[in-house]
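K.L.:
One line per chain: the protein sequences are Z and L, in this order. Count the first sequence with the working numbering and you get residues 1 to 341, in order. Count the second sequence with the working numbering and you get residues 342 to 648, in order.
None of these hints come from the bench; they were simulated from the model. Possibly wrong hints are sitting among the right ones.
As the list claims (entries may be wrong) - Cross-link-like lysine-lysine pairs, in silico, PhoX-like; alpha carbons within 20 Å at most:
#: 1; chain 1: L; residue 1: Lys563; chain 2: Z; residue 2: Lys128
#: 2; chain 1: L; residue 1: Lys563; chain 2: Z; residue 2: Lys155
#: 3; chain 1: Z; residue 1: Lys13; chain 2: Z; residue 2: Lys85
#: 4; chain 1: Z; residue 1: Lys88; chain 2: L; residue 2: Lys558
#: 5; chain 1: Z; residue 1: Lys133; chain 2: Z; residue 2: Lys155
#: 6; chain 1: Z; residue 1: Lys84; chain 2: Z; residue 2: Lys8
#: 7; chain 1: Z; residue 1: Lys88; chain 2: L; residue 2: Lys563
#: 8; chain 1: Z; residue 1: Lys128; chain 2: Z; residue 2: Lys88
#: 9; chain 1: Z; residue 1: Lys38; chain 2: Z; residue 2: Lys78
#: 10; chain 1: Z; residue 1: Lys13; chain 2: Z; residue 2: Lys27
#: 11; chain 1: L; residue 1: Lys558; chain 2: Z; residue 2: Lys87
#: 12; chain 1: Z; residue 1: Lys131; chain 2: L; residue 2: Lys563
#: 13; chain 1: Z; residue 1: Lys128; chain 2: L; residue 2: Lys558
To be verified - Here are some chain Z residues the structure puts well away from chain L; computed CB gaps all over 10 Å:
#: 14; residue: Pro148
#: 15; residue: Leu161
#: 16; residue: Glu226
#: 17; residue: Phe249
#: 18; residue: Ile258
#: 19; residue: Gly259
#: 20; residue: Pro289
#: 21; residue: Ala336
What the hints assert, rightly or not - Restraint-style ranges between C-beta atoms, simulated for each label pair:
#: 22; chain 1: L; residue 1: Met492; chain 2: Z; residue 2: Pro66; range: 38 to 46 Å
#: 23; chain 1: L; residue 1: Arg349; chain 2: Z; residue 2: Ser149; range: 26 to 34 Å
#: 24; chain 1: L; residue 1: Ser483; chain 2: Z; residue 2: Ile277; range: 53 to 61 Å
If you're wondering where the values come from, they're calculated on a predicted model, not measured in any experiment. Where is the CB? At the ideal position from N, CA and C, for every residue including glycine.
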Amino acid sequence: MNLTKEDKILEVKNLCTSFFTDEGEVKAVDGVDLSIEKGKTLGIVGESGSGKSITSLSILRLLQEPAGRIKEGEVIFKGEDLVKKTKKQMREIRGNNISMIFQEPMTSLNPTLTCGEQIAESIRIHQKLNKKKAWAKAVDMLKLVGIPSPEKRAKQYPFELSGGMRQRVMIAISLACNPELLIADEPTTALDVTIQAQILELIKNLQKELGTSLMIITHDLGVVAEMCDKVAVMYCGKVVEYADVKTIFTNPKHPYTIGLLNSVPKHDEDVEGDLSIIPGSVPNPFHLPEGCRFAPRCPHAKEICLTKLPHLEETFDGDKVRCWIHSEEWEKQGKAVNAHE
Amino acid sequence: MFLYIVRRIFQTIPVMIGVTLAVFLMMHLIPGDAAKIMAGENANPEQVEQMRENLGLNDPLYEQYFRFIGNAATGDLGNSIRTSRPVTQEIFDSRFWITVQLAIIGTALAVLFGLIAGIISATRKYSFADVSLMVIALFGLSMPNFWLGIMLIYLFSVNLGWLPVAGWGTWEHMILPAITLGTAGAAIIARMTRSSMLEVLDQDYIRTAYAKGVGDKLVIYKHGLRNALIPVVTVVGLQFGSLLGGAVVTETVFAVNGLGRLIIDSIRAHDFPMVQGTILVCAVLFVVVNTIVDISYRLLNKRVDLN
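With the rest of the complex left out, here is chain Z (with noise of 0.2 Å):
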């Protein structure tokens, strides 16, 4: 289970990614460890405002500063800090190194260039190719991506293609300078369902084709289930639990994680029946709970979930989940303290 550095392409060391506003600070990401293996996949999960997005904003550091700012942490790439980065330095890394597809294809894309000049582009950025050579590498991305009749597509607009298209350009572009990491933020969450295999499939094709590794950031546990070696559950900024992708449908620790497989519909089920949800919505960002986040939903929390914040411990097993559940001091507690039972 212990990985040499070598063997990691990312290491994620607490990092910390705060949005100032004017009602004060929005802890987006509280220390979030995670790390990739070579051409391995990684999967964030979590709901929406959990930070998985801001996380992977911050690996390339693209977010909108100064009201989105990294405040700690270290985000290690093949040995080096990106966060100590000089901005010159980080432009020669994205794209190149580490590229990365958005989740929503109708707007991810210039809709005044043509796709082949989107795509050439950072060709012509990071490989230093002509003008010409890079228009016909572009068009290679396109046939890789399985685009039909590349040359006339790379010659269109955005608005001229389907979404999957669109999607598929936008692979086209994050791997054009074939980088060692590639981050996809939900990128099948605007498709269609039929698309989404086929994008998905796409990925994970080229991902074994080129060696790339792969973080892919979703809400959907089918995403998870289909293409992920580990998973990070994310709760309100923080990684609650980090396992296999096995372990994590198999035998989940976290009762988030418990919370999430839970509320997956089964089609094997009774479809007359509810299905069931985690009771409470998330805690208002500005006055986040004192002890553990999930404790106000938490069925099985009790006094010591409400006032101190576990850490993200190593289980038996060699999982990691941030949880008072599997510590003595729990058994020691009285009754849980939440009534959704």
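For chain Z, the structure is supplied; the task is to place chain L on it using the hints.
P.N.:
Chain L in isolation, oriented as in the chain Z frame:
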């Protein structure tokens, strides 16, 4: 694209018909008897009637209108009452070109300074530069043309003696009128560019560009400005039109013999054919400029439907 341009030009035909109709009816609706004025103060009723007959004012209105556009199509807008010279000659000999020159320089100044100020403001949101530029723009927008013109003359011509007070001929004569004319436009374009740029810089595709490793400058100009210009182009077109109107005041202040001054002088002299002709030429110019704007809009924004 070629087809689009041809179609767009054909689309101006109904507008032109509307324009000629409006100009024609306006001249018939305003009080005052053209025949009486043209015949002179001492004319007897017979002479006025004779004049009315000569001018065709006794014919049915539609006949007069068709004669008017028929003649206008061949470049005949009648003769000026004041000078007895053909109206087209009066307009196109020099006056039209002076006003067009003034409007083009004014627009160029407005676009240049407006865009620069707008981009600086947008990229340095809420900075000292942004706030001061926007305050200056507000001033530029609020100052009436005639007042700004007089102040500029007072400062640069009377006190500093750098530029001529009035008249037309050399490039030095053009500076103050062009600034006077372009200031409001520059202010509008600056504010428009700023808000449009801010909106565009917030778009997802800007983040995509950064994620590709594109540098700040290229992101702002290639990805940002190009998209932000779409609404600005519309404003520039409208601005050019209002510059033609603004020329009336500016040309009077600077004693420039352009179209604006011609309108004023003709109205004062009750020179109906002249007023009618000048307004028609201005209106047609406005339509032409707007057609050019539409076409350039299509060049910028690929999403404008060609059908």
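K.L.:
Each hint should be assessed against the structure and marked as holding or not.
P.N.:
Status of the hints after comparison with the structure:
{"no.": "1", "hint": "Lys563(L) to Lys128(Z)", "result": "18 Å, holds"}
{"no.": "2", "hint": "Lys563(L) to Lys155(Z)", "result": "18 Å, holds"}
{"no.": "3", "hint": "Lys13(Z) to Lys85(Z)", "result": "16 Å, holds"}
{"no.": "4", "hint": "Lys88(Z) to Lys558(L)", "result": "12 Å, holds"}
{"no.": "5", "hint": "Lys133(Z) to Lys155(Z)", "result": "15 Å, holds"}
{"no.": "6", "hint": "Lys84(Z) to Lys8(Z)", "result": "19 Å, holds"}
{"no.": "7", "hint": "Lys88(Z) to Lys563(L)", "result": "19 Å, holds"}
{"no.": "8", "hint": "Lys128(Z) to Lys88(Z)", "result": "16 Å, holds"}
{"no.": "9", "hint": "Lys38(Z) to Lys78(Z)", "result": "10 Å, holds"}
{"no.": "10", "hint": "Lys13(Z) to Lys27(Z)", "result": "16 Å, holds"}
{"no.": "11", "hint": "Lys558(L) to Lys87(Z)", "result": "13 Å, holds"}
{"no.": "12", "hint": "Lys131(Z) to Lys563(L)", "result": "16 Å, holds"}
{"no.": "13", "hint": "Lys128(Z) to Lys558(L)", "result": "18 Å, holds"}
{"no.": "14", "hint": "Pro148", "result": "21 Å, holds"}
{"no.": "15", "hint": "Leu161", "result": "12 Å, holds"}
{"no.": "16", "hint": "Glu226", "result": "24 Å, holds"}
{"no.": "17", "hint": "Phe249", "result": "31 Å, holds"}
{"no.": "18", "hint": "Ile258", "result": "34 Å, holds"}
{"no.": "19", "hint": "Gly259", "result": "31 Å, holds"}
{"no.": "20", "hint": "Pro289", "result": "32 Å, holds"}
{"no.": "21", "hint": "Ala336", "result": "43 Å, holds"}
{"no.": "22", "hint": "Met492(L) to Pro66(Z): 38 to 46 Å", "result": "40 Å, holds"}
{"no.": "23", "hint": "Arg349(L) to Ser149(Z): 26 to 34 Å", "result": "31 Å, holds"}
{"no.": "24", "hint": "Ser483(L) to Ile277(Z): 53 to 61 Å", "result": "58 Å, holds"}
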